[in-house]
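Listed below, chain by chain, are the residues.
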Amino acid sequence: MESDRRRRKVEGRAAVIAGRKRLVAAAGVLSAAAAALAAGALAGGRIALWVGVTAGAALVGFLLALLAVWAHAKRRRGAPWPGGPDDHLTTGLVFVDARDRYGYVNGSAERFLGHRREELTGRGIDEVTHAMRMPLLVAADVLRHGKRPAVTARFPLNGRTVAVEFSRNGAGGDGYEGFAAVIRDMDERCEFCGHMVRVERMTVLGELAAAMAHEINSPLSGVMESVRIIRKNSGNWEKTEKFLPLVQQGLEQIEATVRQMLKFATPHEPPRARLVLEDVIKQCVEFLGYRQSETGVEIQTALTTERTIVMASEHAIGQVLINLINNAFDATAGRQGGLIIVRSELLPESGEVMVQVIDNGPGVPAQVRSRIFEPFFTTKASGSGTGLGLSISARIAARHRGRIMVSESDSGGAVFSLVLPLVGRHSGEENA
Amino acid sequence: MLKASVIAIDDDADFLATLKHYLDMNFETVDTAMNEKDGRALLERNRYDLILLDLVIDGRPAGLRICRELKGDARWRDIGILIVSVADVEYGMGLKSYLGDEGCLPADDFIDKLIGPEEIAKRARRVVERAASGTEG
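Residue numbers (the numbering used here), protein chains in the order written: chain A, 1 to 432; chain B, 1001 to 1137.
One thing to keep in mind: the hints can contain errors.
[Claimed, not checked] Ranges between beta-carbon positions, derived for each pair:
id, chain 1, residue 1, chain 2, residue 2, range
1, B, S1133, A, S350, 15 to 25 angstroms
2, A, R116, B, E1069, 29 to 39 angstroms
3, A, D410, B, G1059, 42 to 52 angstroms
4, B, A1017, A, T301, 36 to 46 angstroms
5, A, G412, B, E1069, 50 to 60 angstroms
6, B, D1012, A, K147, 23 to 33 angstroms
7, B, E1102, A, R259, 17 to 27 angstroms
Calculated directly from the structure, the hints in this document are not laboratory data. Ideal placement from N, C-alpha and C gives every residue a C-beta, glycine not left out.
Start from the sequences and build out the full structure, keeping to the hints where you can.
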């Protein structure tokens, strides 16, 4: 069916090109006839007639030729030739027929798969080796036997991360008519997303900077005071020995604060590694501990006794948790009895681990829960948030094959749950 | 150790050997097969409580078909099937969600292969225990 459609398309194009050739030929014949007429007129000595006829015929011929060239160029812009009508698209398109054979493959799909369409069309999807072979085979099986009209996948392909949607062909009848695979380059989309991530990170850094100044200023005041006392009592070893350790302690505190800040400000996401999730949670809670005094909100942790191991970027997961905890502080700031609980729980049935940030603030209204992970959507007052934090967090979670969900706590506050695939766990204090 | 028999079908010899080591710690009888033919031969000869089935065998997602065929045959319909696969992690296909789709993936449970043989063996034990308690109840 697909090959017939393709054949008809090719024949149609050939007819159009033949028509254009005829038009140019007609223009040429008209010009030649005009020239012959002009020659005859000249022989007859009728100069004025010769000039008029020549000029008119040449003009008509020129216009006809111009029309043919314009029509051809217009056609080319709409559909490059030779090739598919959608070869200019960056989205790959592959049709697979009911007998699991490649049908139409567009130019972009050729690039993704690393094979020319001539090498694919008509061949079985299990015959040609490339990085998308297995997802194609799985999709073919699932769409043929399953009830759903579409399957999605996301995986690395020829050095790019692609998202593919496999959708059943046909109008949803009982008969299986094959499927179409639409391949999209997610890295290309992420160039914009990456810019947004940096904007969000700089905004969060800006928000943190004031509090960080306080974190640095307190020990710095102690250091300055200790140095002043040591200098004032120059030669007094008793005073020096008492205050010098305080100087060292203060400087170490400042160094730790700066190290944490630099860790967060790393411009690129470091590679993933096996992480003990509880350690990352503790670091984030400690990092944001200063907000307790600022907001009057208490933060508590209730973590699993087992140490759960995830394959993740510490930096990225830290960014998600900091974002969720910061949001909880914002939601509960100034509330009487404001409380945030950060808890973790194993989900053995699904082989996942869940981190929940629970607050007793006003909660997230049910009508906005579906939109809360959209970029630029915020429930905070204008100017106090970018509206990107949760969308970026959700994207980071998805990149780690996890997810973020929002629900309501027993007190009516918000519960944000980050779920990540578990790669292992250790009891007690054993190191991963 | 459970008084139960299980069979693991997977074409990855190293993984299968490690998985058998952990299954041996949980089940009385553990058999393995590296291809569909050997697996079917063992199924014809022995009675099992659970089949651990890799989704991809010999470079094809044969596990989907085998699962449907076994569940469609009265001789093996009651045996639990635990699908073990990297497809969800490697290709992000969300096959786990097809467990309820009887026409597509009528298995009893699904686990990501990358979680490791020890966790897979523990999950296998839970599936058998769950089935046993369901039968008793």
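Each hint, compared with the structure:
1. B:S1133 / A:S350: 15 to 25 angstroms: Because 20 angstroms falls inside the window, the suggested range holds.
2. A:R116 / B:E1069: 29 to 39 angstroms: holds, 37 angstroms
3. A:D410 / B:G1059: 42 to 52 angstroms: holds, 51 angstroms
4. B:A1017 / A:T301: 36 to 46 angstroms: Given a distance of about 40 angstroms, which is inside 36 to 46 angstroms, the answer is holds.
5. A:G412 / B:E1069: 50 to 60 angstroms: holds, 51 angstroms
6. B:D1012 / A:K147: 23 to 33 angstroms: holds, 31 angstroms
7. B:E1102 / A:R259: 17 to 27 angstroms: Roughly 55 angstroms apart at Cβ, these two residues miss the hinted range, so it is violated.
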